Each structure stands twice: as C-alpha cells, then as structure tokens.
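Colleague: Residue numbers (the working numbering), protein chains in the order written: chain A, 13 to 360; chain B, 12 to 249.
Just so you know, the hints here were simulated from the structure itself, not pulled from any lab data.
Every value quoted in this text rests on a predicted model; they were computed, and no experiment measured them.
You may find that some hints are simply not true.
Listed below are the simulated SDA-like cross-link pairs for lysine to any residue, each with C-alpha atoms no more than 25 Å apart in a straight line [unchecked claim]:
#1 A:Lys-338 <-> A:Glu-143
#2 B:Lys-132 <-> A:Pro-59
#3 B:Lys-132 <-> A:Glu-60
#4 A:Lys-279 <-> A:Leu-301
The following residues of chain B were derived to be distant from chain A, with all beta-carbon distances above 12 Å [claimed, not checked]:
#5 Gly-66
#6 Arg-148
#7 Asp-159
#8 Gly-186
#9 Gly-223
Think of the CB as a built atom: it goes at the ideal place given N, C-alpha and C, for glycine as much as any other residue.
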Amino acid sequence: MSDEPLVLGIETSCDETGVGIVRGQTLLVDTVASSVDEHARFGGVVPEVASRAHLEAMIPTIERACRDAGVQLRDLDAISVTSGPGLAGALLVGVASAKALALALGKPLYGVNHLASHVAVDIVEHGPLPEPTMAMLVSGGHSSLLLVPDVTNDVRSLGSTMDDAAGEAFDKVARVLGLPFPGGPHVDRAARDGNRIAIDFPRGLTTGRDMERHRFDFSFSGLKTAVARWVETRHRAGESVPVADVAASFQEAVVDVLTRKALLACKEHDVDHLLIGGGVAANSRLRALAEERCAKAGVTLRVPRPGLCTDNGAMVAALGAQMVSKGREPSDLGLPTDSSMPVTLVQA
Amino acid sequence: MLLLAIDTSTTAITVGLHDGTSVVAEETTLDARAHAEHLAPGISAALRAAGAAPGDVTDVVVGIGPGPFTGLRVGIVTGRTFAFALGLPVRGLTSLDALAHEAWTDGHRGDLLVATDARRKEVYAAAYALGDDGAARASAPAVARAADLPPELRALPCAGRGPSLYPEALPHAAGPLDVSGGALADLAVRRLPRDTGDTPATGLQWVDPGHGFDGLEPLYLRRPDAAPAPPSKKSTLG
Chain A
13 MSDEPLVLGI ETSCDETGVG IVRGQTLLVD TVASSVDEHA RFGGVVPEVA
63 SRAHLEAMIP TIERACRDAG VQLRDLDAIS VTSGPGLAGA LLVGVASAKA
113 LALALGKPLY GVNHLASHVA VDIVEHGPLP EPTMAMLVSG GHSSLLLVPD
163 VTNDVRSLGS TMDDAAGEAF DKVARVLGLP FPGGPHVDRA ARDGNRIAID
213 FPRGLTTGRD MERHRFDFSF SGLKTAVARW VETRHRAGES VPVADVAASF
263 QEAVVDVLTR KALLACKEHD VDHLLIGGGV AANSRLRALA EERCAKAGVT
313 LRVPRPGLCT DNGAMVAALG AQMVSKGREP SDLGLPTDSS MPVTLVQA
Chain B
12 MLLLAIDTST TAITVGLHDG TSVVAEETTL DARAHAEHLA PGISAALRAA
62 GAAPGDVTDV VVGIGPGPFT GLRVGIVTGR TFAFALGLPV RGLTSLDALA
112 HEAWTDGHRG DLLVATDARR KEVYAAAYAL GDDGAARASA PAVARAADLP
162 PELRALPCAG RGPSLYPEAL PHAAGPLDVS GGALADLAVR RLPRDTGDTP
212 ATGLQWVDPG HGFDGLEPLY LRRPDAAPAP PSKKSTLG
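With the hints as extra help, turn the sequences into a complete structure.
Modeller: Shown next, in the form of structure tokens:
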C-alpha cells in the first residue's frame, strides 16, 4: 500500500455536486453532477434550486466516485470539503454530508477554502506547486489574484474584482447578445468568428490613478454596461448587431486586463510561475493570450484541463491530501460554513 | 438494535438513540440558524452518552419535514450519508408525526393540530387523531397562514411553535414545541414491525414508503423562489 494519503473531497459551493478522490498527488476519480440545466431557464444559478439538486445528487455522486475509483470508504485517510466561500444553503449540504462521513467512518475532516482548492488542483495535474506561485482565479463567482507561498496555510490576496466576477460579465453579455446561459462557452464560440479589435471596449482599472489604488484589482461592470450600450445603440438605429465582433471584442477586453495584471504581479513579486484556475480559465482566448504573454515574460504558465478548472470535488480532495501530507490539524465536527470565507483563510 | 433518529425540521437540532426497548440517549440544541454546526457533534455526543460507537448503529431514521429548507436538508443528508457510509438501512418519517407522537406518549388523547414555523408568516400544519393505539394523521401536511387554516382545525389544541407565533389564530397551545429525537426514535421503533420491505435501503436505495414510513424525500411543500429569465432585451442589465 502507498503511504500517500487517500482523501475524498466534496464540493457543493455553487451548482456542481462534486466528489473527487486523490491519493497524494494522484487523481483517482473526479465525479461531478451538475444542475446547470435546471438553472438555464432562470438565466443564472438559483440558490434553492442548486441546494435541492445537491441533496438529490450527494449520495449517488459519492457512490459513483468510490465505484469508479475502486475505493472503499473505510480505506480513506481523510475527508475534505469546501466550507466556503459560496452559496450558504449549497455549502451546507456538502459540509453536512462530509461530517456524516467523517463521523461514521471515524476519519479526520478538513473544511477547506474553495479558492485555495482551485489552486491546489493543479498539483494532481502538473505536479507540486513552486513556492511561491502566482494564481489567478477567474470564475462566475470570483476574480482574484493570489500570491501563494504555501497552498495549505499561506495564501495572500493581491487583488480581486470590485464588482462583477469575470464569468458573471460573460453571462450578462451573453444575455445581451441573445446567447444561452452559461455565457462563457457561448461567447467563446461566437468570438472565434469575430474581430477582437472591431470595437474598443474599456479596460477597467488600468489607467493612471486606478493603477495606483487598484493595481491588482479588477472591474468588469463598466465593460458590461459599455457592451450593453453599444448593442442598444445599434438596436435603436435599426441596425443588426455583429454578434461575433461584439463577443470577440468584449472577450478581448476581459482577457487583456486579466493577463496584463497577472503578469505585472508576477514581475513585481518576482514570481516565475503563473497558475490560472476557475471556470473562465477554460476560455480559449484567455489561454492563448496568457501563453503568449507568459512566454514573452519568461513565466511558466500552468492551467489545469478545463474539467478541473470548473468546480469539482477533485480540487477539494487535492487540497485535503496536501493538508494531510503537511500534517495540518483536522477541522472540528462543529465546523461552520462561511459563505464569504476570506481567500486568505485556507482551512476553517 | 441501535436506532439513530435525526431531525432538523424545527428550531431543534435533535438526535435520539433507541435500543429497541427505550430511548438510551438524546441530544438537542435549539438554534434555528446553525443546524449543520450542531448536528454532527450532537450525534457524536449521543453516541458517547449511550456508550456506543458509530459502528454499533443498526438503523437510521430522519425527519423529512416539512420544515425550513436549509435546515431540513442538513438532517436528511446527514442521515442518508451516515447510513450509506456504514451500509445501514435508512428510513424517513414526517416530522410533524413525531410532535403528535410525543404529545401522545405524554398522555394527550383526542384531536390535535400540529403547527410548526414555516417562516414567511406561515406554518406547516397537519391534524391528528390521538387514540389508544397512537397518533393517526388526519390531514396531509400543508403550508398556510395560521389564520387561513380551517376554523375547526384552529380550534384544536395545537402542538409546535404555531401557537406562540400566532396566538390569535391558534389560541390553544398544547404539547411539545419542537421535534425531539427521542420521540422520533420511539415512533420509528413502533413502526418498524410494520415495515415489511424485503430489502432495506443502504443509503443508496431508500426504504420503500408505504410500510409505515414516508420515504426519504424532503417535504418542501413550496417551490423554489425563482422566475424564468425575461427574454433577452436591452434592459436586462442590472
């Protein structure tokens, strides 16, 4: 038997019920049940709909993960679970389930941060994280730039979004363009046939004073409004909207700011590894531009495969396994959920 | 046998352990806002008090509500997962039944209304007839404003927090305020002989309802609050 810890991770912070099993730095299984289709007709994630779906999916997802990995629950060394940040009611389902597993099996429980898990997942994809690593997390709920000296207990926030998350901007712009929810993949696809310099959309927080006061922060609300105004103006003039060009130009504005700030952070903090995670990391233009700019700056880029960028249980298991390996104390069975858990708090 | 009963449908986060003869441990915390924090430690404390280990449990029963959704789910997912982890049968009971049963074991006879807090100025309610054999449910659980319940129901003695929340509509407070894990466990043990399901659930497959139990799906009684998105228009940006 391997000495490496066998850890099952549970993720229910938004609309994916994720269960992953990791042995040390090796991913054994990543099982996800998504309720995204149930949310589509509402144009966004409805918390109560997500929570109900988590309850229904929880046991079947755990069962399937164990079966696919050939793992017996009693062989686990620990359980880890996202305790925040996220939707309060959704988090509770996963945390209560994780506690019941830990209690019934007599295994240690680790309540961990969703964002730190998005960083840790790349360990099972591309090996140990250089310390420090620069991490940019971009999803429908978060846009953060993190300096990570040690993913198990030292995560520092350099900046985050002041308003909308990057993925949220994609969803809202998709709606303006008549594209379905979730917007990310649809905008990405539409943009492939568009001209990304057709329209010069604003780059939030990138000029003079903003770069002093919000050097590594983001803002996508103004961009979203600019796109809406631009489209409205065309509508009012009775002209058709060039969806591909709007999508490409909007997307370019987002990924330009993200990559520019991420590389500036690498330079100023003398870090030569950049990790991009979160659902928006699946965006093809973000990957391409990050690769181009990282190569130019001599920075090594790490991006997990798309399935591990979106929310999943493997990332929680990956961080849990790091916790066990580094000898961190487990969480208490009284572990609370924290819907606004600060990114700097790795473990609850 | 050692039956573990869990309910989180009321203000009480409550756990009971029953050995087939009597309730051997009960742990209850009153906290309407922190079900997940208290439940697992409560199970742990009840097991300790009974001198038992998790592996000694033979059956799991959960209250399936109706109750405020977020807290209710904590109990149901905990019961399902605990049972799944140990390969135990898991069954569900309507939480209101446990309140009526406790009133019955306390000696109450005759008709009884059970009305618990559904928030949003409403109650979850069901009527019961308490005879010598136990409490029989006389109306399906419903969610309504207390004042909108039929007058003949409102005139009954009423268990649950309904009367303290809406004393004008429900003037005759009687019986327990919240579900007790011990009462739920006792009710479950009394119904077990009627459970003729051949293959008990092991966390994956629920015990067939209709054998004295109610299945393992939560009784929400309300749809999620959400309206379909308006068609894409220029004014949809917030």
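Colleague: It remains to establish, for every hint, whether it holds in the given structure.
Modeller: Cross-check of the supplied hints:
At roughly 14 Å between alpha-carbon atoms, A:Lys-338 and A:Glu-143 fall within 25 Å of each other, so this suggested pair holds. Straight-line distance between C-alpha atoms of B:Lys-132 and A:Pro-59 comes to about 21 Å, which keeps the hinted pair within the 25 Å bound. Of the pairs offered as hints, the one joining B:Lys-132 and A:Glu-60 holds, with about 19 Å between alpha carbons and a cut-off of 25 Å not exceeded. Between the alpha carbons of A:Lys-279 and A:Leu-301 the distance comes to roughly 17 Å, so the proposed pair stays at or under 25 Å and holds.
Interface exclusion of B:Gly-66 from chain A breaks down, the closest Cβ pair being 8 Å apart, not more than 12 Å. No beta-carbon of chain A is positioned within 12 Å of the beta-carbon of B:Arg-148; the least distance is around 24 Å. At roughly 23 Å, the least C-beta separation between B:Asp-159 and chain A is larger than 12 Å, which holds for a residue marked as non-interface. For B:Gly-186, the condition that its CB be more than 12 Å from all CB atoms of chain A holds, with the nearest at approximately 29 Å.
Distance to chain A confirms B:Gly-223 as a non-interface residue, since its nearest Cβ pair spans about 23 Å, more than 12 Å.
Taken one by one, the earlier hints fail for this structure only at number 5.
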